[in-house]
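Undergrad: In order, the protein sequences belong to chains A and B.
Residue numbers for the first sequence follow my numbering, beginning at 2 and rising by one.
Residue numbers for the second sequence follow my numbering, beginning at 9 and rising by one.
If you are wondering where the hints come from, they were derived from the structure by calculation, not from laboratory data.
Keep in mind that the hints are not guaranteed to be accurate.
Claimed, not checked - In silico lysine-lysine, DSSO-like type, Cα no more than 30 Å apart, as pairs:
#1 B/100 - B/138
#2 B/95 - A/85
#3 A/217 - B/33
#4 A/217 - B/29
#5 B/100 - A/85
Note that the structure is a prediction, hence the values are computed from the model and not measured.
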Amino acid sequence: MSRNGVVTVYGNGAITEAKKSTFSVKVGLAQMLRGGVIMDVVNAEQARIAEEAGACAVMALERVPADIRAQGGVARMSDPGLIKEIKQAVTIPVMAKARIGHFVEAQILEAIGIDYIDESEVLTLADEDNHINKHNFRVPFVCGCRNLGEALRRIREGAAMIRTKGEAGTGNVIEAVRHVRSVMGDIRILRNMDDDEVFTFAKKIAAPYDLVMQTKQLGRLPVVQFAAGGVATPADAALMMQLGCDGVFVGSGVFKSGDPARRARAIVQAVTHYSDPEILADVSCGLGEAMVGINLNDKNVESAVGKGPTRSGIGQYSVLTGGFR
Amino acid sequence: MAVGVLALQGSFNEHIAALRKLGVKGVEIRKAAQLDTISALIIPGGESTTMAKLAHYHNLFPALRDFVKMGKPVWGTCAGLIFLSDKATGQKEGGQDLIGGLNCTVHRNYFGSQIQSFEAELAVPDLAAKEGGPETYRGVFIRAPAIIDAGPEVEILADIRVPSKKSIAEKEVAELQEEKADSEEKVIVAVKQGNLLATAFHPELTADTRWHSYFLKMVSEEEQALSISEEVLDDEIQPTKIDLPIF
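Please model the entire structure based on the sequences and the hints provided.
TA: Okay, here's the thing in structure tokens:
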């Protein structure tokens, strides 16, 4: 509540200046990325390779998820100097990751003129209970989700784009498939639901009622939805598209493989021609070694997606898988 | 009349949804051979480098250039505007392929990065005269290009005031200074040259369908000129394809 007696729902106590960019402009950029591939890069040279291959955006990082996984330690926002360097090397949009709940990292990224911020579970958590209030920023955000409830909570916090969490840095697509299936499955259940039942459904998935209702009417998430976490081959990418995603993030899959330029190009083509098996077969030929990959059933592999503010009991309820996770 | 939408990457779904609102079926175009089946083409917004790469992989450029040369109506929004222009500045290292046809020079990402993206009410007298409705149009500019130089045969449909030289220049001094130094306070954001229409903003992202119907009129005029019997739209009620809301 402010001094002039006007109650504002969002942006109250915002640190940033007056906002010029509206939600439609934020979602708009994501809409321009549809049907494209966003690639993780760690230096300007890789960014150029990605741009040449036809990536629609790059994610500037210090370490790709596979290395974060291998090296351990606290993973933080990348050096802004590195991000600037990558930004200068390419003309396509540049994204960067901030830790969940670390709004100052997000402010820094906004200040250096990044095009999109990924509030990412790949980095170490900064706040166990809260995500960043993304309404306070002019720069748009993309957030991860495992199910419909989580996706809609992130949208209510101001995310203009959603991606599945998957299991980053493994080269194993199983978690990404699980999460896409969960979101899409819940939406299909929702679509066939009586309007009277939506209130309880919204409570069950712990999501705002208005967004649940909007999702029901649209038959899809109200923002652009990408797949992420474990996509390593053109076939993986096309699978994600056929499951109904708008585009694909490829993290370690490109630059941890034998022939990055070629694989990057193949994945870009696979996303455009996702429903054309002949072209898919064509681009999948002779790509060299794929990234090694990690089996999640392995005992010494720790899952990264388990992370996320859950302590306050806001559940990870999924209708399909049943129960809270 | 079949209107194709280049569906390599970007906002092609949004264009098809806007056409559907006007009762026209949009056809997704991904291969050169599909261009023969359509009488007009929309090149949507998206990343122009990505679309150029994808078009290049599948050898679409010769077919697209022929399509433009045949005088069939083509409309480019944002990335599409870059594609249609004869000359583009601010490109990636090594440049990119263009289709060309529109005698103008376009500057990519003229307004800067995403933080500088904006919405603005544009004065559109020509559009309002033809399509009715209010005198202004809500243009959504996303990392948008702008036309910094246009030939005499290019008809200007809308322009926008650049806030002031300073506010943009301070962000991207090195990159934009030369262009800024001699440019006016106004830049062109919508043009028409013959059967080519181009907009730097995204009519597919707003609920106002006047630009789409403006383009469709260009298409039907062209078809009448060629005395092609206009097929009545077989409006098979398809299950509405799911798409994003308009904010």
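Undergrad: To test your reading of the hints: which numbers does this structure violate?
TA: Violated: hint 1 alone.
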